[in-house]
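Enquirer: One letter stands for each residue in the lines below.
Protein chains: 2
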Amino acid sequence: MLRSIAMSALKQLTIDGPFQMNRGELESPTFVYEAWGSLNPARDNAVLIFTGLSPSAHAASSKANPTTGWWEDMVGPGKPIDTSRYLVICVNSLGSCFGSTGPASINPATGSAYRLDFPVLTVEDIANGGKAVIAHLGIDRLHAVVGASMGGMTALAFAMLHPDHAAGLISISSACRSLPFSIALRSLQREMVRQDPVWCNGQYEFDKPPASGMRLARKLGMITYRSAQEWEQRFGRERATGDLAGPPPFGIDFEVESYLQAHAEKFVGSFDPNCYLYLSRAMDLFDVADHGGTLEKGMSRVKVERALIIGVETDILFPVRQQKELAELLKLHVADADFRALASIQGHDSFLVDMDRFRPAVASFF
Amino acid sequence: MLRSIAMSALKQLTIDGPFQMNRGELESPTFVYEAWGSLNPARDNAVLIFTGLSPSAHAASSKANPTTGWWEDMVGPGKPIDTSRYLVICVNSLGSCFGSTGPASINPATGSAYRLDFPVLTVEDIANGGKAVIAHLGIDRLHAVVGASMGGMTALAFAMLHPDHAAGLISISSACRSLPFSIALRSLQREMVRQDPVWCNGQYEFDKPPASGMRLARKLGMITYRSAQEWEQRFGRERATGDLAGPPPFGIDFEVESYLQAHAEKFVGSFDPNCYLYLSRAMDLFDVADHGGTLEKGMSRVKVERALIIGVETDILFPVRQQKELAELLKLHVADADFRALASIQGHDSFLVDMDRFRPAVASFF
Numbered sequence: 022m023l024r025s026i027a028m029s030a031l032k033q034l035t036i037d038g039p040f041q042m043n044r045g046e047l048e049s050p051t052f053v054y055e056a057w058g059s060l061n062p063a064r065d066n067a068v069l070i071f072t073g074l075s076p077s078a079h080a081a082s083s084k085a086n087p088t089t090g091w092w093e094d095m096v097g098p099g100k101p102i103d104t105s106r107y108l109v110i111c112v113n114s115l116g117s118c119f120g121s122t123g124p125a126s127i128n129p130a131t132g133s134a135y136r137l138d139f140p141v142l143t144v145e146d147i148a149n150g151g152k153a154v155i156a157h158l159g160i161d162r163l164h165a166v167v168g169a170s171m172g173g174m175t176a177l178a179f180a181m182l183h184p185d186h187a188a189g190l191i192s193i194s195s196a197c198r199s200l201p202f203s204i205a206l207r208s209l210q211r212e213m214v215r216q217d218p219v220w221c222n223g224q225y226e227f228d229k230p231p232a233s234g235m236r237l238a239r240k241l242g243m244i245t246y247r248s249a250q251e252w253e254q255r256f257g258r259e260r261a262t263g264d265l266a267g268p269p270p271f272g273i274d275f276e277v278e279s280y281l282q283a284h285a286e287k288f289v290g291s292f293d294p295n296c297y298l299y300l301s302r303a304m305d306l307f308d309v310a311d312h313g314g315t316l317e318k319g320m321s322r323v324k325v326e327r328a329l330i331i332g333v334e335t336d337i338l339f340p341v342r343q344q345k346e347l348a349e350l351l352k353l354h355v356a357d358a359d360f361r362a363l364a365s366i367q368g369h370d371s372f373l374v375d376m377d378r379f380r381p382a383v384a385s386f387f
Numbered sequence: 022m023l024r025s026i027a028m029s030a031l032k033q034l035t036i037d038g039p040f041q042m043n044r045g046e047l048e049s050p051t052f053v054y055e056a057w058g059s060l061n062p063a064r065d066n067a068v069l070i071f072t073g074l075s076p077s078a079h080a081a082s083s084k085a086n087p088t089t090g091w092w093e094d095m096v097g098p099g100k101p102i103d104t105s106r107y108l109v110i111c112v113n114s115l116g117s118c119f120g121s122t123g124p125a126s127i128n129p130a131t132g133s134a135y136r137l138d139f140p141v142l143t144v145e146d147i148a149n150g151g152k153a154v155i156a157h158l159g160i161d162r163l164h165a166v167v168g169a170s171m172g173g174m175t176a177l178a179f180a181m182l183h184p185d186h187a188a189g190l191i192s193i194s195s196a197c198r199s200l201p202f203s204i205a206l207r208s209l210q211r212e213m214v215r216q217d218p219v220w221c222n223g224q225y226e227f228d229k230p231p232a233s234g235m236r237l238a239r240k241l242g243m244i245t246y247r248s249a250q251e252w253e254q255r256f257g258r259e260r261a262t263g264d265l266a267g268p269p270p271f272g273i274d275f276e277v278e279s280y281l282q283a284h285a286e287k288f289v290g291s292f293d294p295n296c297y298l299y300l301s302r303a304m305d306l307f308d309v310a311d312h313g314g315t316l317e318k319g320m321s322r323v324k325v326e327r328a329l330i331i332g333v334e335t336d337i338l339f340p341v342r343q344q345k346e347l348a349e350l351l352k353l354h355v356a357d358a359d360f361r362a363l364a365s366i367q368g369h370d371s372f373l374v375d376m377d378r379f380r381p382a383v384a385s386f387f
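As given, the protein sequences belong to chains U and A, one line each in that order.
Okay, so the first sequence: first residue is 22 according to this note's numbering, each after it adds one.
Okay, so the second sequence: first residue is 22 according to this note's numbering, each after it adds one.
Next up, chain U with everything else stripped away, as it sits in the complex (with noise of 0.2 Å):
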């Protein structure tokens, strides 16, 4: 029992009736997409990407939405997923806060926001989201699930739990379980927001967010998505200036110290704090091993016809080892299973800004 709604480029979906999660269910949440290209006659050229913890659906831009996308280089007409060819589907992770159901969003046996009411929320219930966009749409078997990041656990979560439903995985600086020192990191990322007086518990007002916790956070995010050899290059020992730079000896005196914080500042304000706790938690969840006991076993029920892992060399939050590691577990069952390790020096980010590694390496798939 579905019903959509139109949005602009943002297309919803709002479930009727409960939608089970793996640790509780939601009654009747909203999942919102955008989609870009045709499904041909077939119904077999559908693309699915799933993102990383901050995007919104808005890959590319279209007419109906022309702000350019966060994957503007690589979906479009022509582009490496191209959408003169494929109906390319970019969906908002449940529990993000982007138009899909998440702790920000009303809790209908409440008529208040869910906060932390909200389930524990899993990269499996993700990609289950997903899943429910695409039957909606009459799409039972797509081409590719794509993701990086986040993205690339959802869509390997997609494919181990709907193996009927994916001809195709692309997976991105992901990987098949989150390990110790990207927990860590994460937890101290959630620490930070949680140990903000403002957070309140998950109770502040909406337009008076924790902005101190999320800033932190937000740059401790920012200083594990790149590289340091990229931050050498980029900024060496240069001094800020301009109206961040601040006194000695605790004011902002580096331009990587400027760097963060002009950015770190556009983070805070758009992205709701319980929601990136609750997305942050997600990755530290996930493992393949839940599904069968061990990684062979869970790896063992994708069974794509294709696939490509793509790991960068200077990622520090998903090493390349653990593409390595995916890519390995995927040759023993799936025939076509093609790793690249590329060079980029912009670390776990890489895929959103070394376009000329990236574009042919994606290309390559399709």
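If a hint is listed, it holds; no wrong ones were tucked in.
When the alpha-carbon atoms are kept at most 25 Å apart in a straight line, the in silico SDA-like pairs for lysine to any residue are as follows:
| id | chain 1 | residue 1 | chain 2 | residue 2 |
| --- | --- | --- | --- | --- |
| 1 | A | Lys229 | U | Arg215 |
| 2 | A | Lys100 | A | Pro62 |
| 3 | U | Lys287 | A | Pro218 |
| 4 | A | Lys287 | U | Pro218 |
| 5 | U | Lys345 | A | Ile366 |
| 6 | U | Lys345 | A | Val341 |
| 7 | A | Lys352 | U | Arg258 |
| 8 | U | Lys229 | A | Val219 |
| 9 | U | Lys345 | A | Glu253 |
| 10 | U | Lys229 | A | Phe271 |
| 11 | U | Lys318 | A | Arg258 |
| 12 | U | Lys345 | A | Arg258 |
| 13 | U | Lys287 | A | Gln216 |
| 14 | A | Lys345 | U | Glu259 |
| 15 | A | Lys318 | U | Gly257 |
| 16 | A | Lys345 | A | Gly313 |
| 17 | U | Lys318 | A | Glu253 |
| 18 | U | Lys345 | A | Ile337 |
| 19 | A | Lys318 | U | Gln250 |
| 20 | U | Lys345 | A | Glu334 |
| 21 | U | Lys352 | A | Gly257 |
| 22 | U | Lys318 | A | Arg255 |
| 23 | A | Lys229 | U | Trp220 |
| 24 | A | Lys287 | U | Gln216 |
| 25 | A | Lys345 | U | Gly257 |
| 26 | A | Lys352 | U | Glu253 |
| 27 | A | Lys229 | U | Val219 |
| 28 | A | Lys345 | U | Gln254 |
| 29 | U | Lys345 | A | Glu251 |
| 30 | U | Lys345 | A | Gln250 |
| 31 | A | Lys100 | A | Ser75 |
| 32 | U | Lys84 | U | Ala384 |
| 33 | A | Lys287 | U | Arg215 |
| 34 | A | Lys345 | U | Glu251 |
| 35 | A | Lys345 | U | Glu334 |
| 36 | A | Lys352 | U | Gly257 |
Derived from the structure by calculation, the hints contain no laboratory data.
Dock chain A against the given chain U, drawing on the hints supplied.
Expert: Chain A only, in chain U's frame:
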């Protein structure tokens, strides 16, 4: 004009008069140190150890203080830094809070703690504190100046500022300047402390320090001091049990979270937050190129006869390529400069824990 007071194992030197710093001066500061072994008649067997950010001068146990020291496996009779052959001295850094004058010490001009009135601290100032101590002990030329992490920078600064006063240099997991990745991490750690409302612009009550900010900062420190590989082997995805384990989704769930919590708690309350801020910033500011305009010119001031540079392949804070750079610059002027890259998996902290690799490496110098 120096006077010295014996304090069990800890010895104290108080300068009688002003002490010039790079960016200010202190009136009659105190330096504390410990010493093991004896000076030979030629007075040429002294080894001076500078510490990292957090340790005290208590590098090794002695009759006067039998507590295990922070480098117990390295310093002692028959150990790599052999106190039966050398007079080994370890100085508590200027700016620290374990006896030497720092932001938590009383400013004689006001009768209150310096707090943020303490002058901007630089690594060079800490090195000059060590110089004052050896001058006080009647030592003109050290057999070697030794340090790891911030202590390695300090040892290098000593060799650069006092070229006639050190015959040898050992720099471990250090660098000839801070780069933006480590500056960003430390800047963020300081911001965590400064954003804690209890910090109160440095005016907190000493018995009620900004524990929340310090806990966050220490956790980030620990994440950057070790390595992803070590934690993967040590914790994997093990779940926390016991008192620290908390309710989902944001309570402590993974063992690595519990480990960080337990260790951060130990640091909070034992280290003064303002001292932490000053020492942390001193590392950011360090740049050999400040001494002559370029790294090459700065390093050309070092006149030691022998040098040993050790780095660790898994160190993300002071990456091994920075030790290699340091060694290559030294080799331009020091005939006997040995560079060793160790395969320890414990990251930056390896010099404190991977003694099987570090003992022989350091022993090779002596």
